Amino acid sequence: MVFIASFLIACSGNKKGSGDNTSSTLQETGEEIIELDDKSIEKGEQHLREDYQEIVQTFIDNIKNQKKEKLSTQVSFPLKRDSPIPDIRNEREFLERYREIFDDNLIELISGSNPATDWSAMGWRGIMLKNGMLWLDYDGTLIAVNYQSQSEQQKKARLVAITKAYVHPSLKEFKQPIVVLETKKFRIRIDDLGNHKFRYASWPIEKNMNVAPDLILSNGKVIHDGSGGNHRYEFSNGPYTYVCSIITLGTSDSPPATLSIFKGDKEILSERAILAPKNQKNQIAPKKFALQVKNPNDAEKFLLDLGIRKFAKNIAAPDPELNYTFNITKAFFHILALDNVKNFYANNKDITTTVVGTVALSPNFHTLIIGFTNTSSWYDSYLVNYTKKGELIDFLEITRGDFIESYTYIESQFYPTHVIRKAYQFSVKEVIDNGKSTTIEGYEINREEKISINKEGFFGKSQHYDTPLQVE
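Read in order, the letters of the sequence shown are residues 63 to 534 in this note's numbering.
Quick caveat, the hints were computed from the structure, so don't treat them as lab data. Where hints are given, some of them may not hold.
[Stated by the list, open to error] DEER-style ranges, computed between Cβ atoms: (1) Ile-169 with Ala-352: 40 to 50 angstroms; (2) Thr-203 with Thr-479: 20 to 30 angstroms; (3) Lys-450 with Glu-268: 32 to 42 angstroms.
[Unchecked claim] Taking lysine-lysine and the BS3-like style, the derived pairs with C-alpha atoms no more than 27 angstroms apart in a straight line are: (4) Lys-392 with Lys-372; (5) Lys-226 with Lys-517; (6) Lys-192 with Lys-226; (7) Lys-350 with Lys-372; (8) Lys-283 with Lys-356; (9) Lys-226 with Lys-283; (10) Lys-484 with Lys-218; (11) Lys-234 with Lys-512; (12) Lys-404 with Lys-363; (13) Lys-247 with Lys-269; (14) Lys-126 with Lys-217; (15) Lys-234 with Lys-192; (16) Lys-404 with Lys-246; (17) Lys-350 with Lys-283; (18) Lys-283 with Lys-218; (19) Lys-356 with Lys-450; (20) Lys-126 with Lys-269; (21) Lys-517 with Lys-450; (22) Lys-226 with Lys-129; (23) Lys-363 with Lys-517; (24) Lys-451 with Lys-517; (25) Lys-129 with Lys-247; (26) Lys-512 with Lys-404; (27) Lys-226 with Lys-246; (28) Lys-283 with Lys-247; (29) Lys-328 with Lys-259; (30) Lys-356 with Lys-246.
Keep in mind the model is a prediction, meaning the values are calculated, not measured. For glycine and all other residues, C-beta sits at the position ideal for the given N, C-alpha and C.
Please model the complete structure; the sequences and the hints are all you need to start from.
Structure follows, in structure tokens:
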């Protein structure tokens with residue numbers, strides 16, 4: 063079950079290939095690509111083995127007959143997309159974005175391909191179509207699609223434009239964004255400037271990318287470490303070298319990325335890093351709350367000043383994706399004036415109230431993420447705004463769903479000027495193709511709305527209550 067999209071960090075271990083540009087745009091950046099030159103292509107099997115041909119033919123038949131539901135169960139997630147397009151994280155997203163990836167041109171190309179002559183086994187990399195347009199593993203699992211449809215090209219252009227509008231003016235000129243790394247201390251952004259040059263910009267982790275970065279280096283290069291997908295970006299600054307390594311193939315305890323800083327040949331700093339999801343680059347990331355926080359932000363200081371350490375205790379997360387940390391007592395429930403949010407929850411023993419995190423929506427007020435969970439596994443959560451003096455302003459429901467099985471649920475994303483809420487509904491459709499009936503199940507966006515962030519919260523003190531987003 064998905065909680066807040068901003069909380070999810072997706073790290074890839076997928077194998078990838080790159081190839082020709084047949085009716086598509088292929089990935090050209092240094093982002094986890096296996097480079098194939100003419101010699102390596104020649105080493106592939108000129109005629110695919112018969113047992114592999116059967117696996118490929120099954121995939122071709124599924125594409126030709128539009129068996130999207132079956133295909134969704136045979137994908138290695140996350141399925142990487144060209145930055146800044148968000149990766150496809152699960153079966154639901156694959157079904158929702160299927161036609162965004164598999165347009166008529168790609169479907170026609172796959173459907174008309176010959177397993178024996180158009181597909182090649184490339185050793186441990188897998189089986190590729192043409193010169194790397196699409197890759198399958200040897201069990202038929204889809205591991206990479208390097209084709210980019212016109213729809214994705216347009217989406218990429220829109221996302222690049224949004225990113226340029228959000229970042230600090232000193233960073234608006236670039237070809238495309240590459241990656242955002244987050245360590246314990248730093249947020250690092252790497253952009254492709256074109257002509258094989260890359261830019262490094264860094265901030266303290268508590269700052270957003272719309273403020274001036276502490277450091278900008280524009281002389282970077284990408285270095286591929288073998289053919290496994292691992293690569294690094296190197297930047298020079300006088301006697302210092304900044305190295306951002308992206309780890310695709312590593313050990314079980316390898317981080318997704320690392321930051322290393324050298325003075326001459328001596329390493330003076332090394333930090334593990336996570337990869338911020340691509341669709342978060344123009345969003346405000348929430349911060350998970352911890353009682354022992356070392357450098358509290360304003361909202362965390364607000365909680366600590368109210369004495370939350372006296373009224374909270376550790377609990378086990380009911381679902382790993384929710385990142386629940388602490389539940390609060392009845393007394394602190396009243397201190398936070400949560401009676402206005404859930405007026406019957408304080409005295410209900412079946413309900414757990416949790417301080418999930420904080421979000422820096424505005425310097426004018428504090429914003430907390432408060433989660434409510436009951437014993438039947440139903441949950442929902444709210445953004446709750448308070449004045450600097452601690453008075454409740456208003457609140458907004460941002461998630462709703464069930465840990466076990468939901469036929470409807472709500473997700474939200476946070477931006478500098480607004481919050482986007484989306485309601486999803488489970489649907490079952492019957493598709494008739496060539497006289498054959500196929501049942502397709504999945505989630506579809508039922509409703510979506512945009513809520514503006516004002517100087518005094520969402521609605522202002524005159525209206526504490528949010529109008530819940532209803533699923534029709």
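Here's how the hints hold up against the structure:
| no. | hint | result |
| --- | --- | --- |
| 1 | Ile-169 with Ala-352: 40 to 50 angstroms | holds, 48 angstroms |
| 2 | Thr-203 with Thr-479: 20 to 30 angstroms | violated, 41 angstroms |
| 3 | Lys-450 with Glu-268: 32 to 42 angstroms | violated, 18 angstroms |
| 4 | Lys-392 with Lys-372 | holds, 12 angstroms |
| 5 | Lys-226 with Lys-517 | holds, 24 angstroms |
| 6 | Lys-192 with Lys-226 | violated, 35 angstroms |
| 7 | Lys-350 with Lys-372 | holds, 19 angstroms |
| 8 | Lys-283 with Lys-356 | violated, 35 angstroms |
| 9 | Lys-226 with Lys-283 | holds, 22 angstroms |
| 10 | Lys-484 with Lys-218 | holds, 21 angstroms |
| 11 | Lys-234 with Lys-512 | holds, 25 angstroms |
| 12 | Lys-404 with Lys-363 | holds, 24 angstroms |
| 13 | Lys-247 with Lys-269 | holds, 10 angstroms |
| 14 | Lys-126 with Lys-217 | holds, 25 angstroms |
| 15 | Lys-234 with Lys-192 | violated, 37 angstroms |
| 16 | Lys-404 with Lys-246 | violated, 35 angstroms |
| 17 | Lys-350 with Lys-283 | violated, 34 angstroms |
| 18 | Lys-283 with Lys-218 | holds, 23 angstroms |
| 19 | Lys-356 with Lys-450 | holds, 21 angstroms |
| 20 | Lys-126 with Lys-269 | violated, 48 angstroms |
| 21 | Lys-517 with Lys-450 | holds, 12 angstroms |
| 22 | Lys-226 with Lys-129 | violated, 38 angstroms |
| 23 | Lys-363 with Lys-517 | holds, 20 angstroms |
| 24 | Lys-451 with Lys-517 | holds, 15 angstroms |
| 25 | Lys-129 with Lys-247 | violated, 46 angstroms |
| 26 | Lys-512 with Lys-404 | holds, 23 angstroms |
| 27 | Lys-226 with Lys-246 | holds, 25 angstroms |
| 28 | Lys-283 with Lys-247 | holds, 23 angstroms |
| 29 | Lys-328 with Lys-259 | holds, 25 angstroms |
| 30 | Lys-356 with Lys-246 | holds, 11 angstroms |
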